[in-house]
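Asks: Each chain, letter by letter, is given below.
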Amino acid sequence: MPRIFLRTAVFLSCGAILFFICASGILLSSLLTRPTSAARPAAARIVYGLTLLPSGFDPHINASAELGIPLRSVYDTLVYRDPVTKEFVPGLAERWEISPDSMVYTFYLRRDVRFHDGEPFNALAVAANLDRITAPETRSQKAVFMLGSFERYVVLDEYTIQLVLKTPFAPLLDSLSQVYLGIASPKALREYGTDLYQLHQVGTGPYRMVEFIPGDYILLRRNPDYRWGPAFYRTDNPAPVEEIEFRFFTDPATRAPALESGAADIMGELAPLDALALARRDDIALLPQPIPGMPLQFMFNTRNAPTDRLEVRRAIITATDRTAIIDSVFQQLSPVAYGPLTAVTPFYEPQVKQYYPHNREVARQTLIELGYRDNDGDKVLDLNGAPLRLIVIVPTWGYAPQVAQHLQSQWREQGIDAELRQVPNLAGLLAAVQSGDYHLVAFNDFGADPSLLNNFYLSDARNNFMRVSNANLDQWLRQAVQTSDPAARQNFYRGVQGLIMDQALILPIRDYVNLNAHGKRVSGLTFDAYGWFPLLANLTFNGDD
Amino acid sequence: MLRFILRRVLSGLMTLWLAATLAFVALRLAPSDAITLQLTLSGATESQIAARRAALGLELLLGAQYLNMLSGLLRGDLGVSLVNGRAVAALIGEQLTATLSLALGALIVSTLAGVGLGIGAALGNRLVRWLAQALIALLLATPIYWLGTLAIYVFAVWLGLLPSVSRGNSLQALILPCGVLGIALSGGIAQVTAAALREAKNAPYVQVAHAKGLPMRLIVWRHMLRAQGSALISLIGLQGGFLIGGAVITEALFTRRGIGQLLLNAVNGRDYPVVQGVVLLSALAYSLLGAAADILAAWRDPRLRSR
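Chains as they are written, first to last, in my numbering: chain L, 1 to 545; chain X, 1 to 307.
For reference, chain X alone in the conformation it holds in the complex:
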């Protein structure tokens, strides 16, 4: 088990390095840079712009810039924003809790809704199966943006039940965004759950359980979901990546602060250090979530450790 964990940590570190390098390359391939963008309408002359770029190390050779970035990262220094001069770590830190609470809430909603729907689609009676399958198809096809706009109109404008806008991290303010993001992600989980359960439905161990006279509730919970649990846990872990993407849209729709908005602004403004920091953080979250899911799955199912 220890070796397994060690291997996961090492591959996680590889992922981080790859993410940092890819972000570095992609940003430098994108046209223009932060300083040119900031100053192009200011009336600054070409030489003033060049001087400022040089002062920030943007005129160095790409290799030197890359080494600077890596050595900063190794020292745990994410650098400062090229737009507002603040430390990237501080910029991310002040947005992190907002995004984490959104992501966590959405993960809970999507897991509950997804697994429930999946059970309905695989094992319900004909009506339930049909309804659940239609709903899954609908969820998979519905863009999060549309779902969010609809939810705002229904819950905030028509019913006036929930705020579409609220300061801070109050529970009320979280319900709509977490609900929307979670429901939007639940389609995928439901589909995998349903497929897994359909496969297990006729498996010998289920038939044995039936023959023993166990109630269906126990068969589903104790036997079927447990046997298929590893795949589910991995899938839910993988949702981390989609969560970040979905968070960008959800945050804009519900005027929430968070990493998504920070990233969007930084990309448009070519604020390299901020983009770099957010990409690293997402890669870290992704690896951690993935590793946690794998370790959990391996702990539940020793066969997975040798893979």
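Bound-form chain L, shown alone:
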């Protein structure tokens, strides 16, 4: 072989492979001329990592919780929930009255509020927002349903508006405190219409939306005129963050590296193992944030044998070692769940902890008493020739697959056979549930008002995955929504939670905890009463090293 040929071939192959690396070499020279590192965001601007990429970002229209992470600080709401006490506190309404029959809510609005576009805030602005949310052509996916039995509004004067209901609806204040009912500038709503408003959102909040490139980033800039925040927004923040850029880290594997390289300053939904590793670094702070709502739980199908028998369901829960699952899958970063509501949810009933402590012997005895024996020696219990076999629908998200594998191996030791059926998305889960061919299905949902249970436990609920029909449950859940007296609601929800656990309708696993972490360029990261949404106004910028 001639030499020249070899040289060419060697040169070409090496050159091609090293192209990648050469490119970074070229970059190095360009880096030398730049004062800041390429990976770092510009000074006085921080990068906040979002973890889902919702298709729509209009809070009146779309339903994703992700949109609230930036937008909670673009909008104010008529009322707020205090993040600690979870009590309702004044927002854009400085006070409110509820009529004795709980059908009329009168809001007295602040007079010193202006939208980011300079428009004044008043009762007509609130009216325009309600008009938009309830208009059929808006096709609201969440906000309109959060208004419950809302019938009409009455503008009493420039700064007083009444909301009139058809029937009492206790969760109304909770709804009005959420970003989905944030008050937008009527002028901007008119100007951009339903389809384009999401790219040009205008509220009254502590941050303005400056730029939104779908799929790429959202840029917020501090609103220097903001003086009307709720009491828990800091007014003495020494160095509020001027600009916040939100980017989408949809792949969990990208989140920890982004924090480590400085490409992001704040990140949520870290994998438990990543969170532990990050917590060991002295330049990153871990901030686990419990989320109110329903825990990760497996709902029993009460219509299919064998889980149609109460004693079987109780034995399955007793056979399950939840602490072992929390230790292994969640690295002890989530609390064990005991009931249908997580411990940080208003009206949570601590009594649920007494139900079904883990005890393999009790579970074994219960099953034996029910007549289950391993007659054919295949290590699976059977009754009248039918093996004790459970079909479990497992979504691919929320660590359900890992949890389900633990369940499978724990139950196997008790002679219970479990078949795990994974579903890739909500559509797959709904289809699997609709077929009726399952014994357990993993599911959870979020919210600070326990009325979210109605979507699952009412006998005619859309998501009655348990196929439960219990007159007491129906009555208490409905009444709890119709009374606005907190003591009465507490009573109903105590009954509801006790009944759900007594009837062993669910196998609760873990209270949801969002694992957030942030670098040292910022401090003061706290979240609102719903757990997901950061109080951006309270963030302090510590500057670069």
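In case anyone wonders, no lab produced these hints; they're calculated from the structure. Just so you know, even glycine gets a beta-carbon here, dropped at the ideal spot from N, CA and C.
Short derived list, chain X residues pointing at chain L, Cβ under 10 Å:
id	residue
1	I35
2	L37
3	Q48
4	V83
5	A98
6	P163
7	T255
8	D271
Use these hints to put chain X onto chain L, whose structure you have.
Replies: Here is chain X on its own, set in the frame of chain L:
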């Protein structure tokens, strides 16, 4: 030549129609629909959901829905998203440049790396051949996801040289994603190049060139690659399909915006019009790239025109 081009255009149109029809059927076979998914946790009643489905034409007979879709397409109307109400053309338009620059960069990287590796594997000395073949096997076996994660750790976390995340289409932000996607695709190109060159190595025209005393560099470039060029061009054209698939993963890994992310979301949300639009666009890109490659190959080699 003109007839050849005409034939390619016609078959391209057929591909588009088939893609639209297949996407339509596949989406309707998939369980659930956009409206049910949106509203299932909202507390909406069954009748509210049905009313909204009807308003959007989702309660029509499948045949009527199909005709609506086709007539929309013929008018150049891709429809509006069922999730955010925006025009599908606008949704795709705002993501297109990001994906095109990723795809183009990756295509350049994969062609350079692939052809280089292929030459090394076919014609190098024993060491080079062995190295190149091992590398090709490694590239073919390496999932793009793993390669990307590795690149992020090495270049962004450890060395801090390149951003794994950056706004817009800056050159810096493109290097890692294009590099990863391109390198991942180069294995296939390298394999075909190597096979073609091995075959040509003992061909009479190469021996004649040797006998004439031409330097090896010229033999490879002027004779061997040119003779095998048509197959290579077609192969590189075919990479278009893999590019789209690889782009979905690459975009998620590097938090880039683009068609891939749009498609993923739309499929999960059963946003029929958006999925339809993206599928059509990919089919269009695929046909165009394929046609361009075929026409280029036919222009270089007249024998191909009669096929």
